[in-house]
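There are 2 protein chains.
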Amino acid sequence: MAAAETPNSPAAGATPAAGAAGITPEELQLSARNHSMPLEALRRDVTPPGLHYVLTHFDIPDIDAAAWHLRIGGAVERALELSMAALRRDPAITVPVTLECAGNGRSLLDPRPLSQPWVLEAVGTAHWTGVPLAYLLGKAGVLPTATEVVFTGTDAGVQGGVAQQYARSLPIREALRPDVVLAYKMNGGELPPQHGYPLRLVVPGWYGMASVKWLESIEVVMSPFSGYQQHIAYRYQDSEDDTGRPVSRIRVRSLMVPPGIPDFFTRHRVLRPGPVLLQGRAWSGEGAVTAVEVGIDGTWLPAQLDKPAGGFAWRKWTLPWVAEPGEHVLTCRATDITGATQPLEQNWNYQGMGNNVVQRVSVTVEGG
Amino acid sequence: MAAAETPNSPAAGATPAAGAAGITPEELQLSARNHSMPLEALRRDVTPPGLHYVLTHFDIPDIDAAAWHLRIGGAVERALELSMAALRRDPAITVPVTLECAGNGRSLLDPRPLSQPWVLEAVGTAHWTGVPLAYLLGKAGVLPTATEVVFTGTDAGVQGGVAQQYARSLPIREALRPDVVLAYKMNGGELPPQHGYPLRLVVPGWYGMASVKWLESIEVVMSPFSGYQQHIAYRYQDSEDDTGRPVSRIRVRSLMVPPGIPDFFTRHRVLRPGPVLLQGRAWSGEGAVTAVEVGIDGTWLPAQLDKPAGGFAWRKWTLPWVAEPGEHVLTCRATDITGATQPLEQNWNYQGMGNNVVQRVSVTVEGG
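For the record, the sequence lines run as chains A and B. Positions 1 to 368 (our numbering) are the ones given, in order, by the first sequence. Positions 1001 to 1368 (our numbering) are the ones given, in order, by the second sequence.
No lab work stands behind these hints, which were simulated from the structure alone. Nothing here was measured: the structure is a model prediction, and the numbers come from that model. Every clue listed holds true.
Which stretches of chain B does chain A cover? Using the computed rule of at least three CB atoms under 8 Å from a CB of chain A, they are: (1) 1025-1036; (2) 1052-1061; (3) 1157-1171; (4) 1259-1268.
Which bits of chain B does chain A cover? Going by a derived footprint, with three or more residues having C-beta under 8 Å, they are: (5) 1104-1118; (6) 1189-1199.
Positions of the beta carbon are idealized from the N, C-alpha and C atoms, including for glycine.
Based on the sequences and whatever the hints tell you, model everything.
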């Protein structure tokens, strides 16, 4: 199926960078469909459906789970075709995972890449229950020549001029990790339609694009997958002409629950003077978060860290603050076990990927 | 608590109209928080959490349901204070209700009023279960001098320069309708945080602003309520200086599932030639939907209507279409029992309320 030619379509093959003008109607349409996690939900260990971020590339498919099958094929000893009933009979694991969209923070970049215009909150943490991918790959028998595993969703559309079903690959060593799961439950309940019903992949530690929703086939391959979402999209490019490097693991990040109460339109915060417990969450797909610092008007203080909820789930942090009347800027900055820390200034790239600049919250403390 | 003075805050007391410039960062922040229903969810009779639209004026409160109480007072014989456990012992009803935000469609208005920039999809239909409000008002004993009932939520913030908890009133005759419910369940599950946990009001037929979430008190009053969300916001105003008329019932509207597959960025639709079953839903808060017409390149055809799911729940419609190669514009237009029908051109007002202009879907049918 050929792509439609439409006047506002970005150039085929990549996401163009826009000027500093206001958000376009196309970006607003995407923002209306794809929702982020309101920052006050950072108070919760686990993010319920409707608060957890969602990015749908095309349309949410309407799948009859009773008629649905997962196909596993390619470089395997035995191709498999499994019903949901069969998958539910297999051993199940539950993994707490923080997922973040690779494009989180994109709308704050200058110049702004034109795509889903996330602000800060394209994140969420859920408990995903299902069959370990490694178990099913074992059942199928991966041939020694295999190098990657390709996951294809039912969701179909056109992107960058290419008609496609959403598909991504993982290197075989990642696919065989014990915590990669084919999930049919989220937070103990049925997987919601927007999160991939009836079955999705969840790849802990990787940005969300790896966790293919509405999964319909798994193909073990012997050469690098060159699908659109792997080869063209989700790359760190310096410019349109740069072929770039693939996006994979989540960069270290922290976010804060904005204290006080908001103004409806500006979301600017107002609070009363006195003690406030600042709090938020921090995560990294590269390894454990080891420190969070909170910046109060430019002075960095170490936050208290709770135990992480899992190997790739966020970690709560807190810092008591005595708010004094006046205008203040609050920030937070996490560091992980690799020594990586969040940048203070934007780390621009052509597609607006992996943006983990520190959050800044302006507050007005009343009185005096 | 006084309002924060922030440079981009709209003028106190009303929502100003913007020029034709792009969506502002403030509007984008609201769009990122408040999500609409992806149009493909129109295929479903009932909208699950995460697909149902959500508008949060301030922050989603984090409420401990075990410690929470609902207070009922004012012009009543007996003031009441009820725990969730007590409310769950009262008789319960389940009502299927289509809720729509009064500001739905705002971003399409020209000039564009500055507020939550909904596109088309701020709607959803759920089954709300809880105690009939009339039953609790009966328990409290409404005095004959009562004229309105004021509902106050826990959610607090600043709007138009006024610090407030979200509050709205209903005329006493509406409050005593048998289908107005204090809901603690949505679609048979626990009420999600973003939909008002642990208890919300649901007023069938009225735009969503009447269905106060995170309800903490009900006060029966003897004079018109003059709170911000009643007296200043949610009014049909011709201009900033017009005091306007209050927004109440949902105007007749229909929406279509866009056929075919989307382009990721533009959402423009592409489909193959041949038979397609066009489908959507129609609703009105004024009374039953009596007709839906589908416009194909300007020619109106009558759609087939299914039975409505309830007195104030949407009604499915379908129309078979044989798609021929080329560019087409599809529209749909509902009419209700009062004779009201959707306008073909925008019905502008200062706050961008009650916009029910017909939806237009452009599609490219391939081949030939």
